[in-house]
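Novice: Read off the chains here:
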Amino acid sequence: MKTVLVVDDSALVRRQVSNALKGAGYEAVEAVDGLDARDKLAATPAISMIVCDVTMPRMNGMEFLGSLAQDGTFKGAILMLTTEGKPELIARAKSLGAKGWLVKPFKPDLLLAAVAKLAV
Amino acid sequence: MSLSIRYKLLFLSVVPTVLAVVVVGMVLVHRQAERLDERLAGKTARYSEVASVQLRSAVAFGDTATAEEIIVGIAHDPEVTGAQLYGANHELIYEYGATIPVDDPAAVPRVMDDELVDTAAVDSLEGPHGTFVIGVSRAALHQEQRLSYKIMAGVAIAAALLGFIVVYPTARRTSRRIRDVARYASRVANGDLEAAPPAADGGDEVGRTAAAVGNLVADLRHLMAQDAARAETERERLELMVAQRTAQLEASHRARQLVLDHVQEGLFTVGYDGVLVGECSKATVTMLDQYVAGQTFASMISKHDPRASAGLEVGFSQLANDVLPLELAIDQLPKQMTVRGAVLAMNYAAIGDRQLLVTVVDQTAEIEHAATREMEEEMTALFRQLTADRHGARRFVEDARSQIEVIGSSERYPDVLAALHTLKGNASVIGLNAWVTRCHDAETLIAEQGVLTKDARQGLVWCWSATEASLAPMLEVNGVEISTRDFAALHELARGEARWDMLRALIRDVVLEPTALPLGRLAAHCRELASRQEKHLANVVVDDQGIRLDPERYGALWSALTHVARNAVSHGMRADAATSLWLRTSRVDGDVVIEVADDGPGIQWEALRQRARSAGLPCESRDDLIQAMFTSQISTRDSVDETAGRGVGLAAVAALCAELGVTIEVTTPPRGTSFRFRVPADVKREEVGDACTIAS
Chain A
1 MKTVLVVDDS ALVRRQVSNA LKGAGYEAVE AVDGLDARDK LAATPAISMI VCDVTMPRMN
61 GMEFLGSLAQ DGTFKGAILM LTTEGKPELI ARAKSLGAKG WLVKPFKPDL LLAAVAKLAV
Chain B
1 MSLSIRYKLL FLSVVPTVLA VVVVGMVLVH RQAERLDERL AGKTARYSEV ASVQLRSAVA
61 FGDTATAEEI IVGIAHDPEV TGAQLYGANH ELIYEYGATI PVDDPAAVPR VMDDELVDTA
121 AVDSLEGPHG TFVIGVSRAA LHQEQRLSYK IMAGVAIAAA LLGFIVVYPT ARRTSRRIRD
181 VARYASRVAN GDLEAAPPAA DGGDEVGRTA AAVGNLVADL RHLMAQDAAR AETERERLEL
241 MVAQRTAQLE ASHRARQLVL DHVQEGLFTV GYDGVLVGEC SKATVTMLDQ YVAGQTFASM
301 ISKHDPRASA GLEVGFSQLA NDVLPLELAI DQLPKQMTVR GAVLAMNYAA IGDRQLLVTV
361 VDQTAEIEHA ATREMEEEMT ALFRQLTADR HGARRFVEDA RSQIEVIGSS ERYPDVLAAL
421 HTLKGNASVI GLNAWVTRCH DAETLIAEQG VLTKDARQGL VWCWSATEAS LAPMLEVNGV
481 EISTRDFAAL HELARGEARW DMLRALIRDV VLEPTALPLG RLAAHCRELA SRQEKHLANV
541 VVDDQGIRLD PERYGALWSA LTHVARNAVS HGMRADAATS LWLRTSRVDG DVVIEVADDG
601 PGIQWEALRQ RARSAGLPCE SRDDLIQAMF TSQISTRDSV DETAGRGVGL AAVAALCAEL
661 GVTIEVTTPP RGTSFRFRVP ADVKREEVGD ACTIAS
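Going line by line, the protein sequences match chains A and B.
If you read the first sequence in our numbering, its first letter stands for residue 1, the second for the next number, and so on.
If you read the second sequence in our numbering, its first letter stands for residue 1, the second for the next number, and so on.
You can take every hint at face value.
List time: in silico DMTMM-like cross-link candidates among lysine to aspartate or glutamate, alpha-carbon distance up to 25 Å:
#1 A:LYS104 / B:ASP273
#2 A:LYS117 / B:ASP331
#3 A:LYS94 / B:ASP305
Just the calculated beta-carbon pair ranges, DEER-fashion:
#4 B:GLU665 / A:GLY23: 37 to 47 Å
#5 B:ALA577 / A:ALA46: 33 to 43 Å
#6 B:ALA607 / A:GLY23: 17 to 27 Å
#7 A:ALA43 / B:ASP589: 54 to 64 Å
#8 A:ALA42 / B:ALA615: 24 to 34 Å
#9 B:SER410 / A:ARG58: 20 to 30 Å
#10 A:ALA43 / B:ALA577: 36 to 46 Å
#11 B:GLN264 / A:ALA42: 49 to 59 Å
#12 A:ALA46 / B:VAL343: 40 to 50 Å
#13 B:VAL263 / A:GLY23: 33 to 43 Å
Derived from the structure by calculation, the hints contain no laboratory data.
Beta carbons: idealized from backbone N, C-alpha and C, even for Gly.
Take these sequences, add in the hints, and give me the full structure.
Specialist: Okay, here's the thing in C-alpha cells:
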C-alpha cells in the first residue's frame with residue numbers, strides 16, 4: 001500500500017485529502033506544516049508521495065520544498081496544493097522539484113487521478 | 001582499338017584467300033624442288049655410274065689424261081659445276097671446276113644449298129680403288145623456285161586485290177547499314193523516337209534487323225502515344241477531382257467560416273504547449289481584442305489580465321509536461337479572465353492531436369444579471385423581514401454595519417472571522433442567502449490561505465453599502481410603532497378604570513419587543529437549517545411566556561443566539577435520530593432566562609477535551625471544558641460547513657454576554673444539551689407586571 005504525506009495547516013483540507021486517499025486504498029500521513037512534515041517524513045520511510053499546501057505557519061510549502069531539495073533524500077513525487085491566484089508560486093515550486101499542482105478547491109477524483117499517476 | 005566492321009569483313013575475306021594462295025604455292029614449290037632434286041640426283045647417279053666404270057683405268061694408273069677426258073666430257077653438261085677423281089690414297093688425280101670438299105666419301109650423295117654432290121667408288125680391275133666426286137648445280141632449281149615465288153606472290157596479290165574489289169563495296173554497304181541501325185538505335189535510346197528509321201532493304205539479316213528495329217520503335221511510339229493519351233485522360237480526371245475537392249473544401253470552409261463568424265462564443269484551438277493553432281471564431285477577436293495564431297494564449301491576454309495569463313502559462317506548462325492526468329491538468333487551467341472589463345469564462349475540451357478546443361463566453365451580462373437578481377432577492381428578503389419584524393431587520397442592519405466595519409478594517413483575523421461568522425448567522429436568519437455565501441467564502445479563504453486580501457474585504461464593504469443603501473428608506477421609522485393588539489389593549493385600559501401604574505407599564509411595554517418574535521425567527525431558521533443539512537428535526541417548541549425584552553439593548557444578543565441555535569442543529573442533531581428543539585424565555589427570580597435546548601446526543605466531552613488540550617487550554621473539569629467551548633478556535637466538529645465548525649460563534653456569544661452582563665449556563669441533562677442565558681432584571685425597563693397578562 002502506498003503512503004502519501006498530506007501537508008496542510010487546514011484541518012479541513014487535510015481531512016478532505018486524507019479521506020479521499022484512504023477511500024482509494026492509500027495510506028495517508030498528515031502534517032500541519034513543513035517542520036511537522038519533515039518529522040513525519042523521517043519517521044515514516046514508506047512515504048512515497050507528498051501532497052503539500054503552500055501557505056502554512058512555521059515552515060511554509062516553499063521552504064519545505066527547498067529543504068527537501070537540499071537534502072535530496074526524498075525521491076518521490078510532490079504535488080502542490082495552491083490557489084488559482086498564485087501562478088508565480090507554482091513556477092517556483094516547480095523549480096524546487098514539485099511535479100505538479102492542484103488548485104483548491106479540487107475535486108477528490110481528480111486528486112486521486114493525480115496521485116495515481118504520480119505515486120510510485 | 002576496334003576495327004570497323006568493313007575492315008573486319010575485308011580482313012576476313014582477303015587474308016584467308018592470300019594465305020590459301022601462299023600455302024598452295026609453297027606446297028607446289030616444294031614439290032617442284034623435290035622433283036628437280038630427284039632429276040639432279042638421277043643425273044649425278046648416272047654420271048657417277050658412267051664415271052665409276054670409265055675411270056677405272058685412270059685410277060688404276062693415275063692417268064690424269066684419261067680422267068680429264070672423261071670428266072671434261074661429263075662436264076659438258078652445263079649443270080655440272082665440278083668433278084674430282086681421287087686415287088686410292090685419296091690423292092687428287094683430276095679436278096674440274098670448283099673443288100668439292102669430300103671429308104667422308106661414304107656420306108655422299110648430299111644436297112647442299114647450291115649443288116647436289118654425289119660420290120661414286122671407282123674400283124679398278126687392277127686393284128686400286130678410287131673415288132669420283134661430282135657436283136651438280138641447283139641453280140636451275142633456284143631459278144624455278146624464284147619464278148614460282150613470283151607467280152605465287154602475283155597470284156596472292158591478285159587474289160587480295162580481287163577480294164578487296166569484290167568484298168569492299170559489300171563490306172562498306174553492310175557496315176553502313178549496320179552503322180545506320182546502330183545510330184538509329186542510339187538516337188532512340190536517347191529519346192529521339194522521331195528519327196527516320198534505317199532502310200530495311202536487302203532482305204538479309206541486316207535488313208531484317210533494321211526492319212525489326214524500325215518496327216520495335218514504331219510499336220514503342222505507338223505504346224508511348226497510348227500512354228500519353230492515358231496520362232492526359234488521367235491528368236484531366238485528377239484536375240477535375242482536385243477542382244471538385246477544392247470546391248467542396250471552399251464550400252465547407254465557407255460554411256465553417258459562417259459558423260465561426262456567427263457563433264456567439266469565442267472558439268479556437270490551443271496546443272498543449274499553449275500556442276494558438278489555426279482559425280478562431282469572429283467573436284474571439286471581439287472578446288480577446290486580438291487573435292494571432294502561433295502566439296501563446298497566455299501572451300495574448302497578458303496585457304489585459306496578467307493573473308489569468310500567468311495561470312495559463314503555468315497551466316499549459318503542466319499540460320505539456322504530461323505530469324498530471326490530462327483531465328486534471330485541463331481542470332487546473334484558469335476558468336475566467338477579464339478583458340477590457342468583460343468577464344470571460346473559458347471552457348477547455350481535449351480534441352486529440354495534443355490540442356484543446358477553447359470556448360470563451362462573455363459572462364459579464366450574466367454576472368451583472370445575477371448580481372441584480374441577488375440584490376433583488378436580498379431586497380425582497382429584507383422587505384419581507386421588515387414587514388414581519390421591523391425590529392429584527394433593523395437589528396440585523398445595525399449588527400451587520402458593525403460587523404462590516406470589523407471585516408473592512410480589523411487586522412486581527414480572529415476578530416474578522418468572528419464578525420464574518422456572526423454576519424453569516426444573522427444573514428441566514430433574515431434569509432439573505434447571498435450574504436451567507438459571501439461570508440462563508442471569505443471564512444474559507446482565511447481558513448485555507450490565512451489571508452483575506454484587502455480587495456476581497458473592500459468588496460464586502462462595497463457590497464454591504466449597496467445592500468444598506470437600498471434598505472435605508474425602509475428602515476427609517478419616526479415615532480413609535482404599536483401593534484394592533486397592543487393598541488387594543490391600551491385602548492381597553494384607557495377606557496376602563498385602569499390603574500395608572502398598569503397603564504404606564506403597558507405604555508412602556510409597548511416599545512419592548514415580545515420575545516415571541518426573535519424566538520420565532522430562531523425557530524424558523526433552525527427548521528430551515530435542519531432541512532438543508534438533512535437533520536431529523538422532529539419538533540421545535542417555542543415558549544415565550546409573553547415576555548418582552550428591550551429590542552435596542554438585547555438586539556445583539558438575539559443575533560448572537562443564532563450561533564447557539566445553529567450549533568444545536570449542527571452538533572445536537574443527527575440525520576438518523578429524531579431530535580426536538582426547545583426555544584424558551586422564562587422568568588426566574590425576576591431575570592429573564594433564554595434557553596436553547598435539544599435532546600440530541602449532547603456535548604462530546606472527550607473530543608472537546610482533546611481540542612482544548614491541543615489548544616493549550618485548561619481541560620480538567622467540565623467547567624474548564626465549557627469555558628474552552630466558548631473560546632475562539634475550538635470546535636468539536638471535524639469539518640467546516642457554512643453553518644458551524646469554525647469555533648468562532650460561541651466565542652462571539654460569550655464576548656457579547658460578558659458585555660451585557662448576561663450569564664451563561666450550559667447543562668447536559670440525561671439527553672441533549674441546554675444553553676441558558678440569564679438576562680439580569682432591569683426593573684426600570686423590563687418590569688411588565690400585569691401588562692404581561694394583558695399582552696398575552
